[in-house]
Amino acid sequence: MDGLTAAEQREFQSRMERKQMKEFMGMFSNLVSHCFDSCIDDFTTKSLIARETGCVSRCVKKFMAGSERIGQRFQEQQAQMMQNPPPGR
Amino acid sequence: MDGLTAAEQREFQSRMERKQMKEFMGMFSNLVSHCFDSCIDDFTTKSLIARETGCVSRCVKKFMAGSERIGQRFQEQQAQMMQNPPPGR
Amino acid sequence: MDGLTAAEQREFQSRMERKQMKEFMGMFSNLVSHCFDSCIDDFTTKSLIARETGCVSRCVKKFMAGSERIGQRFQEQQAQMMQNPPPGR
Amino acid sequence: MSMFGLGRPQPSSAEKIAAAEQEMDLVTDMFNKLQQACLKKCIPREYREGEINKGEGVCIDRCAAKFFDVQLKVSELLQAEAQAKGASGGGFGIGGM
Amino acid sequence: MSMFGLGRPQPSSAEKIAAAEQEMDLVTDMFNKLQQACLKKCIPREYREGEINKGEGVCIDRCAAKFFDVQLKVSELLQAEAQAKGASGGGFGIGGM
Amino acid sequence: MSMFGLGRPQPSSAEKIAAAEQEMDLVTDMFNKLQQACLKKCIPREYREGEINKGEGVCIDRCAAKFFDVQLKVSELLQAEAQAKGASGGGFGIGGM
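Protein chains in written order, with UniProt numbering: chain A, 1 to 89; chain B, 1 to 89; chain C, 1 to 89; chain D, 1 to 97; chain E, 1 to 97; chain F, 1 to 97.
Note that these hints are calculated values from the structure, not bench results.
Predicted model only: the values in this text are computed from it and were never measured.
Hints may contain errors.
BS3-like mimics (lysine-lysine), calculated; alpha carbons at most 27 Å apart, straight line [to be verified]:
#1 A:Lys61 - E:Lys54
#2 E:Lys85 - F:Lys33
#3 B:Lys61 - B:Lys22
#4 C:Lys61 - C:Lys22
#5 A:Lys22 - E:Lys54
#6 B:Lys61 - B:Lys19
Computed, partial: chain F to chain C, Cβ under 10 Å [as the list claims (entries may be wrong)]:
#7 Cys42
#8 Arg45
#9 Arg62
The beta-carbon is built from N, C-alpha and C at its ideal position, and this holds for glycine as well.
All chains, please: the whole structure from these sequences, using the hints.
Here it is, written out as structure tokens:
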């Protein structure tokens with residue numbers, strides 16, 4: 001992003017930060033939805049029961065490990081794509 | 001939102017109105033999708049049949065009642081969270 | 001969009017172009033997801049097998065044909081709605 | 001934004017642009033929902049052929065017509081509800097926040 | 001934007017507005033997810049009646065309470081993970097890009 | 001925006017920023033789709049353990065590779081289609097509106 005004034009640079013950076021925050025929040029809410037949907041099926045109580053709490057912990061752990069591994073593959077692919085750019089440009 | 005000029009206040013308010021409108025439109029289109037998906041399964045006719053029309057009415061009514069009840073619980077939880085703020089800040 | 005200055009017209013047009021680009025990208029990523037989900041189920045290999053490649057081709061072709069047909073019906077309905085405007089205005 | 005803030009006399013250019021964008025977003029959203037719904041109802045996911053066959057084509061046409069009817073029906077029901085509750089569109093879940 | 005770019009002394013109006021909008025978006029997103037999750041768990045899709053019956057109402061209340069608990073649990077787990085990895089929130093998938 | 005509207009001589013700063021944002025949105029969207037697809041295909045939803053086991057890890061790697069291949073394949077097919085229809089990218093559903 002060259003050719004921007006200092007004020008524009010700052011504006012750009014602040015937008016990117018907001019976007020990352022939004023991205024993180026989206027992931028957070030997806031993770032909550034996914035683990036809730038996968039782990040919670042007992043509505044005879046108002047509080048989480050032990051089985052549900054354990055399932056949520058494993059779900060978050062596994063989701064993050066999977067997400068990290070997918071992120072690695074994705075970055076490798078992105079790097080590869082730099083040499084062989086996608087169509088539509 | 002203090003420390004804003006009158007023009008900024010007005011701009012802010014108009015953005016919030018647009019956001020609420022967008023929110024409402026999103027809910028509308030989700031409701032249409034959900035009730036269509038749940039109620040419409042007969043493609044031997046071009047117009048809604050009585051069974052489908054009835055199902056859509058009940059679907060909308062029930063969705064809105066459920067949505068209102070969930071909204072009440074959500075607002076209670078938000079109020080509670082004010083005293084015990086969420087992480088990540 | 002009358003009553004706009006030339007600069008505003010240009011700004012508006014450029015926003016619309018970005019929106020269309022975004023729209024197209026959204027459709028592209030939905031198409032990829034849908035055909036991947038429908039066609040890929042063999043994870044004993046790292047590369048697409050013949051059956052999967054064929055399925056993806058047919059999936060894209062059929063999706064686009066369906067999408068075009070739905071688009072025609074949609075535009076007819078939009079034209080009809082002009083004479084009988086929707087509520088909420 | 002406007003030179004004299006005389007009680008919002010007419011929409012500014014920015015507001016007109018925003019309204020046009022919102023209109024376009026709504027149309028796009030509805031098209032996407034219609035497409036998802038009718039491809040799901042009418043096109044089997046096996047993809048043994050790349051063409052839309054006659055039965056699938058007819059199904060899509062009827063599906064689109066019914067989707068449009070449901071859209072009208074839902075908006076009528078929401079309007080009736082809003083009027084029953086005393087205008088202003090409130091009472092729809094979190095909408096009033 | 002600011003007349004003198006003195007190392008971001010305090011948030012500008014635009015930044016305050018953006019932060020308030022983001023807050024609102026997050027709350028809205030969470031409400032939508034909660035709604036989807038609990039309607040799916042508690043309301044059967046047959047729609048034989050338009051009222052929420054007693055069992056469904058109780059289910060919604062408990063579902064909302066559990067959803068909220070899961071939300072807290074997940075954020076605790078993410079914070080613990082972030083601290084274990086050495087602060088800064090990195091390491092969450094693509095987050096660090 | 002520009003002082004003299006001389007036929008869009010070069011992108012303004014606002015346009016450069018918008019293009020960079022769009023690029024970032026696209027990459028993020030694709031990552032999210034890849035993640036959804038491969039977690040669904042490779043990770044059973046029972047969550048009896050918190051670790052990714054060896055089979056699941058291999059599945060994720062192959063799934064990501066195949067997702068990427070499908071992405072390329074789809075974009076080739078769309079390009080071929082666009083050329084057959086006579087350039088300009090039209091004819092893709094509502095795209096021409």
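Distance restraint between C:Lys61 and C:Lys22, which requires alpha-carbon spacing of 27 Å or less: Measuring from Cα to Cα gives roughly 22 Å; hence the hint holds.
Hold the hint about F:Cys42 up to the distance rule: shortest CB distance to chain C must be less than 10 Å. Nearest chain C Cβ about 7 Å off; hint holds.
Interface hint compliance - F:Arg62 to chain C, C-beta minimum distance less than 10 Å: 5 Å, holds
Under the criterion that the straight-line Cα-Cα distance not exceed 27 Å, is the pair A:Lys22, E:Lys54 satisfied? 38 Å, violated
27 Å Cα cutoff - pair B:Lys61, B:Lys22: Given pair B:Lys61, B:Lys22 holds - Cα atoms ~21 Å apart, limit 27 Å.
Verify the interface restraint on F:Arg45: the C-beta must sit less than 10 Å from at least one C-beta of chain C. 16 Å, violated
Next pair to validate is A:Lys61 with E:Lys54; report whether the Cα-Cα distance is within 27 Å. Status violated; Cα separation ~36 Å.
Satisfaction of hint between B:Lys19 and B:Lys61, Cα-Cα up to 27 Å: 25 Å, holds
Are the Cα atoms of E:Lys85 and F:Lys33 separated by 27 Å or less? 26 Å, holds
Hint compliance for this structure: hints 1, 5 and 8 are not met, and every other hint is.
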